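Novice: Listed here are the chains, written in short residue letters.
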Amino acid sequence: MTEIAIASGKGGTGKTTLTVNLAKMLAENNRFSKIFVCDLDVEEPNSGLFLKGDLIHEETKYRMIPEWKEDKCTFCKRSANVCEFNALAYLGFSVLIFPELCHSCYACSELCPEDALPMVQHRMGQLKHYKISEKLEFIESRLDIGVEQAVPLIAATRRYVTNLADENTLIIYDAPPGTSCPVIEAVKKTKKTILITEPTPFGLHDLTLAIETMQELNQPFGVVINRSGKHDHLIVDYCKANNIRIIGKIPFMRDAAVAYSNGKLMVDSIPQIREAVKTIGNNLLKEDAL
Amino acid sequence: MKELKEIVVISGKGGTGKTSLTSSFAVLGGTALVVADCDVDAADMHLLLNPKTEYEEDFYSGKTAVIETEGCVHCYKCKNVCRFDAINVINGEFVVDELNCEGCSYCFHICPTRTIKMPDALSGKFFISKSRLGSTLVHARLNIAADNSGKLVTKVRDEAKRVAKEEKKKLILVDGPPGIGCPVVASLTGADLAVIVTEPTVSGQHDLKRVAELVSKMKITGALIINKADLNRDMTGRIKQLAKELNLTLIAELPYDQSFTEAITKGKTIVEYDKGSIKKQIEDSWRKIIEL
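Note that the protein sequences, when read in sequence, are chains A and B. The first sequence: position 146 = 146 (my numbering), numbered continuously. The second sequence: position 251 = 541 (my numbering), numbered continuously.
Rather than coming from a laboratory, the hints here were simulated on the basis of the structure. Every value quoted in this text rests on a predicted model; they were computed, and no experiment measured them. Worth double-checking, as some hints may not be accurate.
Below, computed lysine to aspartate or glutamate pairings styled on DMTMM-like, alpha-carbon distance capped at 25 Å [said to hold, decoys possible]:
| no. | chain 1 | residue 1 | chain 2 | residue 2 |
| --- | --- | --- | --- | --- |
| 1 | A | K77 | B | D410 |
| 2 | A | K188 | B | D387 |
| 3 | B | K415 | A | E148 |
| 4 | B | K578 | B | E562 |
| 5 | B | K441 | A | E84 |
| 6 | B | K353 | A | E84 |
| 7 | B | K441 | A | E216 |
| 8 | B | K499 | A | E58 |
| 9 | B | K451 | A | D232 |
| 10 | A | K264 | B | D520 |
| 11 | B | K367 | A | E110 |
| 12 | B | K369 | A | E110 |
| 13 | B | K558 | A | D232 |
| 14 | B | K367 | A | E114 |
Start from the sequences, fold in the hints, and give me the full structure.
Specialist: Below, the structure is given as structure tokens:
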């Protein structure tokens, strides 16, 4: 099994575009017998808009939170003192539980001497698994609206997909934007993370944050420039000065933006983009990132 | 009318032009407002507003476990109870993986020899600065790989409110984060108006539905700007229909124009760079927004 992730500091730089188009190109290569595209941007999953197929499996994902058993509780208040997240409160002779604050650490439950706080399932989202072609499958999870913690659902989705993989499987993760906990959950321990950026000052600034995150995690990474054009030097100069590898460039084209807006795969309709993505795939294969 | 109004610009999807527009509004609002950059993961407003930092403070949030070698009896209790895989045994010694540690203190409570300490974790910094426009900008930087961005967002908003009261300002303009999770909820809680910036793409439409549902669930008035509207007229039509169903006031349809990118590259906001119709449309948008 090989896991790679497509990430970026800034949103809207082309993570989903690269994920779905790269998957399509690599499916034409013999290196892998199976490719799973897995959308870990569980707050706003978009890869599925570009990969149409048959739903072959679906499951609701839960995490564990405590449930108060009134008949067993002796109001010792230990659990509220133990909880670091203020997810439990004593109000007169009842205990209130705030699921959105709970981190599912089990401390209150297992340290309760009366077993008055057993852990129960709490819904966080829905996982769906589609078959796109003989070789290509797609898995996404979407966080329920109002659920705040993305990390547990990302972790559960990675567990689901890695359990299905064998040694000849490639998994491509479409990561969430940013540099905080959800991204880390999505990229950690992957064989390579591709940071996709755009040649603007915002793109460069957020790329530097994403690079620092990768370095902090000791995570191998490379850079792809999307909407490549006359301002590429912004990114290229930075990468040169810091000895960072640029894996490829995807040219700026209004046609590409229009294809994207309609949910079309660019490698199918725009030859220049097809070539660019193919080069990225070949470079990854050459440097043994896959 | 409320004494202090808070307008939050969000997008669901990233890259729709949220920060370009918020920065333009900051220019148009001038010194009448306080600006807060709540996209603490990837804060970019300072790149256009050139703030001079007047005050900065470390932001501590949560805890991280530390195991002292002296006193550890290698009982494995901490490792066994940790649900975050944060305790490793390296060369026979128990070591905390700081990136995995959630700060729950379960190990601290279970340790029989009290060898585990739970110091506060430094998770970022926040700044109170003077922007080149003369307004105050409250912004922050989340430490690399740090947790609790939602709490830092709340801190930035609290500071912005404090400053606004001090300076007797009636308006706070907030640049929000992408997504619908905890930092977004933290940006919206108790706000007066959410301005959603979307684009006419399948992803833009999809993400708009989800973020608008969150806004409505939180009982906040919602308004909509469709950026890059001429990229896909059919989709723009569908999004306008959607806006009606979602009860969002349509503020503007802005064109797909390279001058947005050119402006940023020159370190300017689009209302300072463009001298024609885009500038005028954004001025009209701002007028409508403050009247809502």
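Novice: For each hint given before, does the structure comply? Return the numbers of the non-compliant ones in rising order.
Specialist: Of the numbered hints given earlier, the structure breaks just one, which is hint 9.
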